[in-house]
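Residue numbers (full-length UniProt numbering), protein chains in the order written: chain L, 1 to 317; chain S, 1 to 531; chain D, 1 to 526; chain Z, 1 to 275.
To be clear, the hints were calculated from the coordinates, so they are not data collected in a lab. Ideal Cβ positions, reconstructed from N, Cα and C, are used throughout, including at glycine. Any given hint could be a false lead.
What the hints assert, rightly or not - Quick list of simulated restraints, FRET-style, between CB atoms:
| # | chain 1 | residue 1 | chain 2 | residue 2 | range |
| --- | --- | --- | --- | --- | --- |
| 1 | S | V286 | L | R133 | 46 to 54 Å |
| 2 | S | L412 | Z | H104 | 29 to 37 Å |
| 3 | Z | A198 | S | A411 | 46 to 54 Å |
| 4 | L | L13 | D | Q279 | 54 to 62 Å |
| 5 | D | K203 | Z | T106 | 53 to 61 Å |
| 6 | L | L13 | Z | P95 | 26 to 34 Å |
| 7 | Z | A198 | S | L253 | 30 to 38 Å |
| 8 | Z | T106 | S | R120 | 27 to 35 Å |
| 9 | S | A137 | Z | H104 | 42 to 50 Å |
| 10 | L | L102 | S | P368 | 56 to 64 Å |
| 11 | Z | D164 | S | R324 | 40 to 48 Å |
| 12 | S | Q276 | L | V17 | 41 to 49 Å |
Residues per chain are reported as follows:
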Amino acid sequence: MSGLGSWAARRLLLGGVQTVAVVLLVFALTEALPGDAAVALAGDQPDPARIAAIREAMDLDRPAYERLADWTAGLLHADFGTSLASGRPVTSYLSGAFGPTLLLAGLTVVLLVPVGVGLGVLAARFEGRLVDRLVSAVTLGVYAVPEFAFGVLLVTVFALRLDWLPPTAVGYGTDLLAHPAALVLPVLVLLSRPVCSLSRLVRAGMIDALASPYVAHARRYGIPGARVRYAHALPNAVAPAAQQLARTVDWLLCGVIVVEALFVIPGLGTVLMNAVAERDVPVVQGLAVVFGLITVVLNLGADLVAHRFAPRAEVAA
Amino acid sequence: MNGPGESGGTGETGEPLAVAEIEGLTVEVGGRHIVDGVSLRVLPGQVTALVGASGSGKTTTGRALLGEFPPGARVEGSVRVADALVGYVPQHPATVLNPARRVGALLHDIARTQVRELPRRDRRPAAREQVLTALEAAQLPDGEALLRRYPHQLSGGQQQRLVLAQALLLGARVVVADEPTTGQDALTRRRVVDELAAVAARGIGVVLLSHDLETVRALADEVLVMRDGQVVEAGPVERVWRAPAHPWTRQLLAVREPLADAARQGPRPEAVLRVQGLRARHRPGVEVLRVPELAVHPGECLAVLGRSGSGKTTLARCLAGLHRTYEGEVLLDGVPLPRSLRDRGRDRLAAVQYVFQDARASFDEHRPVLDQVARTAVRLRGVATSEARAAASTTLNSLGLSDESAARLPALLSGGELQRAALARALLARPRVLVCDEITSGLDTVTRRGLLDLLAGLLRDRDDLCLVLITHDLDTARLATRIAVLDGGEVVEQGPARDVLTAPAHPFTVSLVQSSEELAARSSGRLAGQV
Amino acid sequence: MQDYPGLRRRGLLAAASGIGALTLVGCGGSGSGNGSDGADGGGDGKPRRGGRLRAAFAGGGASETLDPHLANLFADVARAKALFDKLADYGDDLSAQPRLASGWEPNAGLDRWKVTLRKADFHDGKPVTAEDVLFSYRRIADPEKTFRAKASLEPIDLKASRAVDERTVEFVLKRPTAEFPNVLAAFGAYIVPDGSSAADFDKKPVGSGPFRFVSFAPGRSAVFRRNDDHWDGAPHLDEVEFVVANEESARVNALLGGQVEYAHELNPTTARAHEGKGQIEIVRLRNSAMQAFAMKTDRAPFDDKRVREAFFLIADRQELVDGALSGAGVVGNDLFGKGYEYYADGLPQREQDLDRARSLLKQAGAEKLKVTLDTSAVAAGFTEAASIFRDQAAEAGVTVEVRMGSKDSYWADILDSGTLCCYRSGAMPIEAHISQRLLTDSTTNATRWHHKDFDALYQQAQATKDSEERAAVFGRMQRRLYAEGGFLVWGFADWIIGTARTVKGVDRKAPANTLDWARFDKVWLA
Amino acid sequence: MRALGRVQVLKRRLPFGRFALGAVLVGVPLALALLGPLTVGGPGPRAASFTLGDGHWLGTDFVGRDVWRQVLLGGRPVVVVALTATALAYLVALPVGLISALTHRTWLEETLMRPLDVLLAVPSLLMILLVASVFSPGATGLALLVALVNIPDAARIVRAAAADVASRPAVEALRMQGESWWRIAVGHVGRSILRPLAADAGIRLTGVLYLVATAAFLGIGVAPDAADWAVMVDRNRTGLFVQPWAVVVPALLIVALTMGSNLLCDAALRKGPRS
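Starting from the given sequences, assemble the full structure and let the hints guide the process.
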């Protein structure tokens, strides 16, 4: 399929433009934030002379476009610049925080797909029956609860009342894998909303697919029920769900910020919030590049999956 | 079979045992009997045809053999089939092909159910072997490559053969074929007839649900004529054809008079619509149609004949202003028509009207039919709403659609009624050229005949009207005064209808006319031979 | 502090650096470590040696550093004081207590101070010398850099100052400074070995403090081990680990879940929920943070002292403490430094008096007054206090419009603009408060209090050697502020710390920022 | 042979139960939100924070105000902002989606849709966070902002639904009848996509409510002591163990609103024939 090749190329190009746009937007917004790194660093001792000195030390007295140009030039040879707040390279921020976030997001996605799809198929199989109503009601209910509230609830119940799991990941540093128990609650919180939306989508898709003539045809020809559901109906329910999965990236980012703060996980979300508070523009930009790239790559992946499962449909680039 | 003896052999009577049997089947939905006391025997190697207009209950009867009933149906009577499963060939094979899976997926799953007894290790190659055999039997060579394709990458004919292959692979003793030839051109129909005949030749009982009488006549051994859920007449096909007992059968079988030579004599007036140097594209670079010269004269009916994919619909849409990516010109009274509808003024918009193949899809499902029809007069003739409604009502009545029906939403009207309404909608513009795109192809024989008569009447009554009939069907093309034959986007032949149909010049036209004649000959020949 | 995930401004240490002091004082207390004696006095039993204590602080994320001169946040200071020492530090009443300095002696003019060092060693075994002290102070005062303590060291003429011998430094001051020991205790004025560079602090910081460096991951954790050779006695703990948790709820949860033994900076409601429940111990450090509204005295309507007094009378302080601080604090009397050295506690407690407030406003021609109150979520209780005061003012016929500002630039924003704003300050000596905020040349004069006679009084105090006489001068200054100052000090917030029940020896009297606050060398695990 | 003669009776269960439950779930918070502010009196004297009793039947909040009064007052901002944001998102998404679905000019479609694709790559909370810190918007600004981040997705959905309808012969038939663009776009296409749009609107409203609640939770667009359910959840969270009602009641109301609107949409979808 050469069409696929050119489609992917167009898609990649769009991804590049998206990333650039995200970076520019973020730069503009960070520049427009009231106060700068110097003011933020001066804190409650805003001695004007001190602020001016800090500003000079940080090179903030140079015009914004010059700093952007420098930064972009550095980016071309993978140099993300140095943090205004500490003078350490931005890459060290990113690499240090990438691990925990990747672990959280990766675990979430790895669990999200089987759990979301499984629940959706289960509900669709028993459409209108007790199981379906139960799954639908629970997913709807959990979907309506924002992460922060859900996190507080889980911690209160499972960590503080029942004492089954550690309430935070304090002190575990980046080596979270060595403390799997500390990952349970954060991943559960991150999973909550995406699982609900995914399972609802899969359920709807499955109900349509199960009622379709081709599924009736497969049944008619004696294909066992489970095989009909998973091998013949499910692929058709996956295409819209795959698109949703890509949009989940956005949620994961929001969720990661909340979850990292709630459970004290030193990941990208924490770095982001600190950097915004410190007006540490290079770090914010570095993160924007990373987030932009991740979003673009995952969107691309999801589109590919959708392309695979809905080969007929023209997937909009 | 639950009954005595096994299927396939011969019973005590010496008669072959039925592979499927329906006795006193009654299907009731919402208090209405859609099938009422139907009995039927399907013999191995024989083709049993159910004919009747749409809504006569033939599809419900056929589906009953598959063990499928409409939701909420109350069913009485018994349906028995040989213990092997029943194969099914739907009218649109694409609907039963899973769009998200490769062609091989379902075939392998079916084959797997066949090879359960084998040791685990041997199952895979055995299944593969069986699949390839079945594909070959269904006249699908190069099976390996085919298995890796997606359904949308296959042609319609391949899809249909694929569905047949599935039935063969299943080891079906009965195959139900639902309208396999409806809407197909002569070449395709002949091919389908061959395929189904081959299936029957394998000792499989074929149940053919069709309103394509020519196909039925060419293929069937037994025929059951259905009307309103009941079998009004049954018997060997030659008997039914030769001596139809029931008046409905007679009406169904009545042979249409070939259109009297409608070509008017005398000097031909200047062409109303003329196409010059038309080259139409779909996507950039993909040219689908080349028409150097084509003209439609007043009072004339031009048939554009071609198979699907020949570019005939694109031509129609270029004329109507619905397809805009073309070079060359479409001239109305010698003046070029703008490519886009938006740029055609009210008069020119009204002058060329278009009737869609899928009448149902061409109506807004939320508004009553009458309202929608009347809008033509409002928009294109500037008539007040009340006046327009009256005009619409008159036109609809003249086309045989009552005010009561017209006041309904489109969903409550039948396909034939909607097609009439669509015609009325176009006629209300008082067009000079009416482009009809395959408007009869989805309809059953009786309805289609009615519609064609209507068109013929229009031509007679309105001197200023000319028709462009887009069709794959030679029968329909007989209505025309002139015929243009399209193949692969090229006009391969055009001329007076009689000449084209009786003495085709281009090899493609020749093959088209021949297969149609062959089909007819075969059915009559069969009848003759069996008599 | 507000508890938005991550968005929160980290616990910026309310400024504690006194810039300069102009008069002299008699020897600012002698004896050593009397603060720590108090720490042991809580009936906690006999100290036990060993164990590792994990302490959770709000931190600075990946930008954190162990450079003690860059310390800016509570977490930075807690880590710095574990690794390093200052020459002096603040006692519970914010008077300077000798640390590495064993004593100090001014000349008669109070502008030359001889400071003797006690015998102490750095972690690498080298002794702490006068050269180290001068190196550290010169590093801080480097004009190229912007270390926070630079302003505090401004009174010292470092060029003229010299090492008299190995353990004696002679500081030459630019003007008489009676409260010079406060400079030695200044926030961030830690003594580091001669020749230390920024890179050293990140890799392997060497100090003279009670703990030695083990490991450090910015924004996550820092592990320190006991320094058996510390001059003030070895710590009881084997190890201390500082972990960072910016969310208050996370710190509480970690404490409740047994993941840390010490949680710094908790909410009053958390304290109420767990106080006396037996699960954890709540420690309230009184008088830690002044809570105030700052009125700009150089512009209308607050350039009229009757309006200022009316505002003093509008405030129902108890309601503010109950509402904005959830009761975790005490009412203020419009003066900074309750319980600190020199605090004028003889003045009558001001109460709400709306009638008098109304009549004062009438006299000032400011009936139907409308003012904008700047606030921000930058510190706990700010927005609450603003809305409570708005309601109180409404009763006196004053319309207060609350305006929310950005919390990241709040302190810079309110310095010059607006007329009325929420304000708070951490613990510092009263002298430092005055010199930083109430003199004509003060850099952070948020009330725009410019009075030559007031400046003169300050200089008089700094030049008065006798401490009683000096106290009298500070008393006069405070009476003036009480009558017509720009700070409406309505309360002093407790600083709340949670500890596991096994943690003993935590000082309960030291305000935040003082010597015994977050001091882990005197703590042990039972 | 097998006998196939089973009798099936179609169960035609109307989604009434679901509808009623959804209506109740939406109705209670909606009524509180819209009527609540009309029923409250003036603020009583402040009590100590996080206490129960003393005439405050849901206790007091973090600054000692009556929780019930705050509940009555706090629904309107959440509900109004969420509804406004959803409406605004569609106000832009509908024309953009319709035009790009109906136009034959590729450049127009690209001009309309490509910028939105770019916007899609911006993480929504990051965007809200930054924009809100820059402009410190009020409730109106927050509604605009939340609408803005919802536009790309909504426009894509409108476009997809409209493109589906627009490719059907009915639209061409209307054009053959000389109908105006407006009548085709609004009267026919607009009307035909109402159902998928209603479904999307329900989901979007949930998302918007979530975003508004999270934004309020992060302190964006509302005063930190505002009478606002989401703010109440956040600010009273510290007192969860002392006085849970100040958190639980507003949280439940938000959850009920989202759940209810989803149930209503489900019910609305089910009523129609499945295409």
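Verification of the supplied hints:
{"no.": "1", "hint": "S/V286 - L/R133: 46 to 54 Å", "verdict": "holds, 51 Å"}
{"no.": "2", "hint": "S/L412 - Z/H104: 29 to 37 Å", "verdict": "holds, 33 Å"}
{"no.": "3", "hint": "Z/A198 - S/A411: 46 to 54 Å", "verdict": "violated, 20 Å"}
{"no.": "4", "hint": "L/L13 - D/Q279: 54 to 62 Å", "verdict": "holds, 58 Å"}
{"no.": "5", "hint": "D/K203 - Z/T106: 53 to 61 Å", "verdict": "holds, 60 Å"}
{"no.": "6", "hint": "L/L13 - Z/P95: 26 to 34 Å", "verdict": "holds, 27 Å"}
{"no.": "7", "hint": "Z/A198 - S/L253: 30 to 38 Å", "verdict": "violated, 51 Å"}
{"no.": "8", "hint": "Z/T106 - S/R120: 27 to 35 Å", "verdict": "violated, 55 Å"}
{"no.": "9", "hint": "S/A137 - Z/H104: 42 to 50 Å", "verdict": "holds, 47 Å"}
{"no.": "10", "hint": "L/L102 - S/P368: 56 to 64 Å", "verdict": "holds, 59 Å"}
{"no.": "11", "hint": "Z/D164 - S/R324: 40 to 48 Å", "verdict": "violated, 21 Å"}
{"no.": "12", "hint": "S/Q276 - L/V17: 41 to 49 Å", "verdict": "holds, 44 Å"}
Comparing the model with each earlier hint shows violations of hints 3, 7, 8 and 11; every other hint is respected.
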